[in-house]
Every structure is written in C-alpha cells, then in structure tokens.
Amino acid sequence: MDTLQALLHGFAVSLDPGRIFYCFLGVLLGTVVGVLPGLGPSATIALLLPVTYRLDTVSAIIMMAGIYYGSQYGGSTTSILVRIPGESSSMVTCFDGYEMTKQGRAGPALGMAAIASFIAGTFAVVGLMLVAPPLGRFALAFGPAEYFSLMVLGLTLVAYLGGDSLLKALLMAVFGLLLATIGQDPVAGVERYAFDTLVLRDGIGLVPVFMGMFGIAEVLATMEQPPNQQRLTAPTGLLPTRQDWRDSRWPIARGTIVGFFLGILPGGGATIASIASYVTEKRFARNRDQMGKGAIEGVAGPEASNNAAATASFIPLLTLGIPANVVMAMMLAALTLHGIRPGPLLMQERPDLFWGVITSMYLGNIMLLILNLPLVGLFIQILRIPYPILAPLILLFCLVGAYSTSGQVADVFIMVCFGLLGYLMRKFKFEAAPLILALILGKPMEESLRQALGISQGSFAIFATRPISLILLLATAASLAVPVVRWAVPKRNARSA
Amino acid sequence: MRHRQGRTWNVQPQGRNVNDSQGCLKRPDVVSGLTLVCLALFAWVGASDLPIGTLHQPGAGFLPKHLALLMAVLAALLFVRGCLTRAGSVAGLWSDWASLARVGGMLAALIGYVLVVESAGYLLTTAVLFFVMLHWIGRQGWVVTLTVAALASGGSYLLFARWLMVSLPGGAWVP
Chain A
1 MDTLQALLHG
11 FAVSLDPGRI
21 FYCFLGVLLG
31 TVVGVLPGLG
41 PSATIALLLP
51 VTYRLDTVSA
61 IIMMAGIYYG
71 SQYGGSTTSI
81 LVRIPGESSS
91 MVTCFDGYEM
101 TKQGRAGPAL
111 GMAAIASFIA
121 GTFAVVGLML
131 VAPPLGRFAL
141 AFGPAEYFSL
151 MVLGLTLVAY
161 LGGDSLLKAL
171 LMAVFGLLLA
181 TIGQDPVAGV
191 ERYAFDTLVL
201 RDGIGLVPVF
211 MGMFGIAEVL
221 ATMEQPPNQQ
231 RLTAPTGLLP
241 TRQDWRDSRW
251 PIARGTIVGF
261 FLGILPGGGA
271 TIASIASYVT
281 EKRFARNRDQ
291 MGKGAIEGVA
301 GPEASNNAAA
311 TASFIPLLTL
321 GIPANVVMAM
331 MLAALTLHGI
341 RPGPLLMQER
351 PDLFWGVITS
361 MYLGNIMLLI
371 LNLPLVGLFI
381 QILRIPYPIL
391 APLILLFCLV
401 GAYSTSGQVA
411 DVFIMVCFGL
421 LGYLMRKFKF
431 EAAPLILALI
441 LGKPMEESLR
451 QALGISQGSF
461 AIFATRPISL
471 ILLLATAASL
481 AVPVVRWAVP
491 KRNARSA
Chain B
1 MRHRQGRTWN
11 VQPQGRNVND
21 SQGCLKRPDV
31 VSGLTLVCLA
41 LFAWVGASDL
51 PIGTLHQPGA
61 GFLPKHLALL
71 MAVLAALLFV
81 RGCLTRAGSV
91 AGLWSDWASL
101 ARVGGMLAAL
111 IGYVLVVESA
121 GYLLTTAVLF
131 FVMLHWIGRQ
141 GWVVTLTVAA
151 LASGGSYLLF
161 ARWLMVSLPG
171 GAWVP
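Just so you know, the protein sequences line up as chains A and B, in that order. Numbering of the first sequence is given in the numbering used here, commencing with residue 1 and proceeding in unit increments. Numbering of the second sequence is given in the numbering used here, commencing with residue 1 and proceeding in unit increments.
For the record, the hints were derived by calculation from the structure and aren't laboratory data. Here the structure is a predicted model, which means the values were calculated and not measured. Quick reminder that beta carbons are idealized off the backbone N, C-alpha and C, glycines included. Errors might be hidden in some of the hints.
To be verified - Derived DSBU-like pairs: lysine-lysine, alpha-carbon spacing no greater than 30 Å straight-line:
#, chain 1, residue 1, chain 2, residue 2
1, A, Lys102, A, Lys429
2, A, Lys293, A, Lys102
3, B, Lys26, A, Lys282
4, A, Lys427, A, Lys443
5, A, Lys427, B, Lys26
6, B, Lys26, A, Lys443
7, A, Lys443, A, Lys282
8, A, Lys443, A, Lys429
9, A, Lys293, B, Lys65
10, A, Lys443, B, Lys65
11, A, Lys102, A, Lys282
12, A, Lys429, A, Lys282
Unchecked claim - Residues from chain A that face chain B, not an exhaustive set, calculated with beta carbons under 7 Å:
#, residue
13, Leu166
14, Leu167
15, Gly237
16, Leu239
17, Ser404
18, Phe413
19, Arg450
As the list claims (entries may be wrong) - Heads up, incomplete: computed chain A residues facing chain B, CB under 8 Å, no partners named:
#, residue
20, Lys168
21, Leu171
22, Thr181
23, Asp185
24, Val190
25, Tyr193
26, Ile389
27, Ala391
28, Pro392
29, Val400
30, Glu446
31, Leu453
32, Gly458
33, Ile471
From just these sequences and the hints, can you work out the full model?
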C-alpha cells in the first residue's frame, strides 16, 4: 500500500462520524486539562483508561491522542495570562508570553501560540507519516551514553538562559542539580535528603516547583504594590499583527524541527523540546535582544516545538512499540488492553489503526485551532478582573494544582517554599530558568551516567567511542565556546580601537 | 475600596553615596553568596553518610557531594564579587514596610492554609484564605470579599472535586 493510498484509507477511518466525535472530545478534554495546572494528560488518560475499554480500539486511541496533543495547546493559556505553566512543556512560554500580557498583548500571544501549535502539529503529522519507520530505528540507537551526552548538551543551555550573570546562572544550575538528587538514588535505591518523609522519597515533583517559582512568586512580587496600583495592562488587539507574523515565521519553522527530533527520543519529550527551542531563538531570532522582555518569538518557537514533540513521540510507540514518555506508556497500556501489540508490524497488521490515528491528528489540529482562536477573546477577559481579586484565584489554581499531583499537603508546602524561593531569587536577581532546567535534566543525567559507566565497566571512553555521543559532546564544546568567544572578541576589538 | 498608605522605608541616607554607606554584609550578592555557601554545607553534611564510590563506579553520594562542593565554590565567588563591587543594599530591595508586610501577610496566609487544610477541610480553609487575601491584604469591601470567597471556594470544590474527581481534603469531621 503506497503512502497516498494509505492516507486515503486513514481518512476513511478517521472521518467516521463517531470517530470525529471522539477526536473532538479528546482535543476538548486535552485543552481543559492543559489549562488546569496539575491535571496533566497522563492523569486524564489513566482515569479514562477503563472507560475506553468499551470503545473500539481506533476511537479509543484517537481520543487519547487528542487529549495529549490538545493539552499542549491548552498549557500555554495560563502561562501567558497569569504566569502559571498549565503543563511543564509550557514553562518557557511564561518568559515572553507573560511579558506580552503585561504590555497589553495577551491576545496576539495566545493567538500566536494556537497558530504555531497548529502549524507545528500539522507538519509533525506529515513527518510522522513519511519518515516514521527510519526515525524510529534512529531512536533505538540512543543508549545511556548518548542520553548522558544529550543531557550535558542540554545543561550548557544554561549559558543562554542565565540573564546577565553567568556566575549566578551556574550557581542556580548546580543548585537545581542538587535538588534533583533528592529522593531515591536511581541505581542503588539509597535515600538521599529524604529526611524520612514520604513526599521526598520520590524526589521533588516538577509541578509544585513550577507553580511556586512562577505562579506564587509572581503574585508575591505583585503584592508589593498597594492594592490600588496592582493591575495588569488592559489587553489591546486579539490576533497577531503582520509584524508578529513576520517575526514568528522562522521561530515556528525552527521550533517544529527541534521539537520533532527531540520528541522522537525516548525521554526527550515536549518539555526539553520547548526549552531547546527557546534557547535556539535566543541565538537566532531577529529580536533576540528582546527575548525575555515580551518577544513573540519566545512564544511562537516553544509552542511550535512542544506540539511537534508531542506528535513525534508517537513514532517510537507506533513503529517500535517503545513508549517515549509517561503518556505514551499509557497509550501502550490502552493498546495492550485492546489486545494490540504495537511495533514494526502494526502498519501491515492494523493499517486502519496506524493510518486512522495519524489522519485523525490532522483533523484534531484543525479542531484545536477552531476551538482555541475564538477562546482568545474569552480568556483575555480574565485580565479585566481587578488584581486584588485575581491574585487569590491564581493562588487557588496553584494550591489545587500542587495538591492534585500527589494528594499530599506536603506538595503544597513544597510549592509555597519554592514560591518564596522564586520571589527572593527575583529580588536578588537570580534567573529561575537554569534551576528549572537542571532540575528537569538532573535525574535522567545521573541515571544515564551511572548506567553508561556500568556498561563500560567504569570506562569514560564509552562517551567518545560511540559516534552519536561524540557528536553531542562536540556540540557541547562548541556551545560552550560561543559565549566565551563572544565575550572575548568585543574586548579585543575594544582594545585595538 | 479603602487604601492605606505604607510607611516609607528610607534606605538611602540623604546626601551620601549609598555604596559608601552600606557595610559589606548588607549587599545583595554578599547575602545571597553567604546563604548559598551555608546551603552547600548543609547539602554536604546531609550527604555525609552516603557512599561516594569511585570515579569509575560512582556511589549514591558521588553527585550530591561533588555538587555541594561546586556550589560552595561558586557561592564563595559570588560572596567575594559582592564584597568587591560595593553596590546596592538588601534593604533597598523593598520600597517600604507596607509592601513587605503585604508579602509577609500573604506568605503567612499560605503557610496557615497548608497547616490547617487537612483538618479543617478544603471548603472552609479556602473560604478563610480568600477572606484574608481579599479583605485584609487586598483591601476589598465586605460584599466583594464574602461573595468572591463563597463563589470561589464552592465553585472550585464543585469543579475539581465533583466534576474532575480530584480528591481534595474533606476535613477531620469527614469520615
């Protein structure tokens, strides 16, 4: 069956009215759970797993896929409006999205987030359709050594995220890595810094940290002003301007490519993809000097990237039967419940499922765009609420979000602590991004390092002798050299002038 | 809406250069450097019982101890840099006492919430938190305070606990 025929067959499957309904239900639920912090797609899919058993397999998977990529659309809304990341993959959208809101440009930010998500999601589906099998095999070439090198490359991004002081950025990165060591040691299972508490045994959850460092810290900072001066700028304009479009074209393209390739890698995921896209824009965007101060590139790139990554993460699942992240593991469980074993033969054995799910993503992305663009006007009305009333509502969102991740009040306490930390970091001019990045990468990095050393019987040569790992380490060296060269060259020029 | 003007916290003595007037230990980078050195020492002590292993076979304490050491060095560098640059003061980071009081009040309300939510239950604690936030910190009138507190606590309970089936604390009186 050639690709065009397969695609037509897929559309015949996904355009069934019942499946269109489940696709719509999935993307709608995805948007809602994306907007609500703490309630992620994995928890939603887990809750719905028993319900989907009664559905036919294709409809069930179409709905669950819709929840996942729909949540990437919804996650940006609270990031842009109130600086609370609805999903961890929308964390970097806070940086420029919220600054745009403060400048009265919440409408264009929300609109561009939806449009960038649509474009990236659609291109990623094309990629998934055309190059899924060879890319799936590429993902298998990633072992612990390659992962470690990838994480090290990721950590060098700190140099670009750190703001004015590299020393402070490094300090926060090391602090983040130290925080990531809390909980059970990934190899021996020894407890570290858990202080005999249940909540710290599994390590610090990312959701309470995000909520605290962004949501709570922002409210605390705004509370400094007298109540009559606490206000967000009234929004002007609903959709991106022509200039916004011009500025966002390349960030969307770069974000899609970065997200697609990082999404394929098991463990890569939408969060790392969005961070990588943000850093890429800090290097290449036309208005890179404005990044962090309300540049639309800081919204368009990461939002494109997290959607492309969410779609690409289906590649290893559908072609190899390997889940790339927790949500994909849930999908694998759903497929297994329905008696289906995903892998290289899925395309031949169940073309209706493989192509039906892929083509449903085209439909789902169109539905999401239609659903999200009109909602922009509704969402920005939130900003008209006086801040003294909005502040406790934001807090409520954070409190429930942190509590719902584990059902423990200790997580709420952790969130409050990180809120205070985030507030003090702002006062003392420390950036939050390096700490968050290190916290995300810390655990998998340690795990990969120790596994790789276990495989090589303690030899560090494993990182240099494996080609992909070597390329990644060379990229790390180049990435570290750029800021040093940038720092040195103007000084030399200044001396010679 | 009632507003209260905060008492001004004068941190810069008139007619004098702030950089000259501040002692080394009052500068932001010095304070943060010193705090982070203490934190690094705490991390080192906390990892003291963990096996460090070898470079080729790292143990559970390998990363925490080395990271604590690195953090201590970087924090010490920040401390020294803060001492040498002679800029700013910690007191200057806040404009007046009233702003600090609002931030402190909100933090106290949040900590209070965490302490009592399990025993008093979500509905009651959330309503009280809203009351404190709206009336005492946000300076809202009684009608707005009571209406928003009732709607927000009740509405969020319905949304999260009933419709989205999120398990929220019911309180000590719920079996």
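Structure-based check of each hint:
1. A:Lys102 <-> A:Lys429: Distance ~19 Å between Lys102 of chain A and Lys429 of chain A Cα, so the pair holds.
2. A:Lys293 <-> A:Lys102: holds (10 Å)
3. B:Lys26 <-> A:Lys282: violated (34 Å)
4. A:Lys427 <-> A:Lys443: holds (29 Å)
5. A:Lys427 <-> B:Lys26: Status holds; Cα separation ~14 Å.
6. B:Lys26 <-> A:Lys443: Violated, at about 36 Å.
7. A:Lys443 <-> A:Lys282: Holds. Lys443 of chain A to Lys282 of chain A sits at ~26 Å (cutoff 30 Å).
8. A:Lys443 <-> A:Lys429: holds (26 Å)
9. A:Lys293 <-> B:Lys65: violated (37 Å)
10. A:Lys443 <-> B:Lys65: holds (15 Å)
11. A:Lys102 <-> A:Lys282: Roughly 21 Å separates the two Cα atoms, so the pair holds.
12. A:Lys429 <-> A:Lys282: holds (19 Å)
13. Leu166: violated (10 Å)
14. Leu167: holds (6 Å)
15. Gly237: violated (29 Å)
16. Leu239: At about 29 Å, which exceeds the 7 Å cut-off, the nearest Cβ of chain B leaves the hint on Leu239 of chain A violated.
17. Ser404: Given a least distance of 5 Å, the restraint on Ser404 of chain A holds.
18. Phe413: holds (5 Å)
19. Arg450: Holds: closest Cβ of chain B sits about 6 Å from Arg450 of chain A, inside 7 Å.
20. Lys168: holds (7 Å)
21. Leu171: With a minimum Cβ separation of about 5 Å from chain B (threshold 8 Å), the hint on Leu171 of chain A holds.
22. Thr181: Since chain B brings a Cβ to about 5 Å from Thr181 of chain A, closer than 8 Å, the hint holds.
23. Asp185: holds (4 Å)
24. Val190: holds (4 Å)
25. Tyr193: holds (5 Å)
26. Ile389: Hint holds; Ile389 of chain A Cβ to chain B Cβ min 6 Å, cut 8 Å.
27. Ala391: Nearest chain B Cβ about 7 Å off; hint holds.
28. Pro392: holds (4 Å)
29. Val400: holds (5 Å)
30. Glu446: holds (5 Å)
31. Leu453: holds (6 Å)
32. Gly458: Holds: closest Cβ of chain B sits about 3 Å from Gly458 of chain A, inside 8 Å.
33. Ile471: Not OK, violated: Ile471 of chain A not within 8 Å of chain B, min 24 Å.
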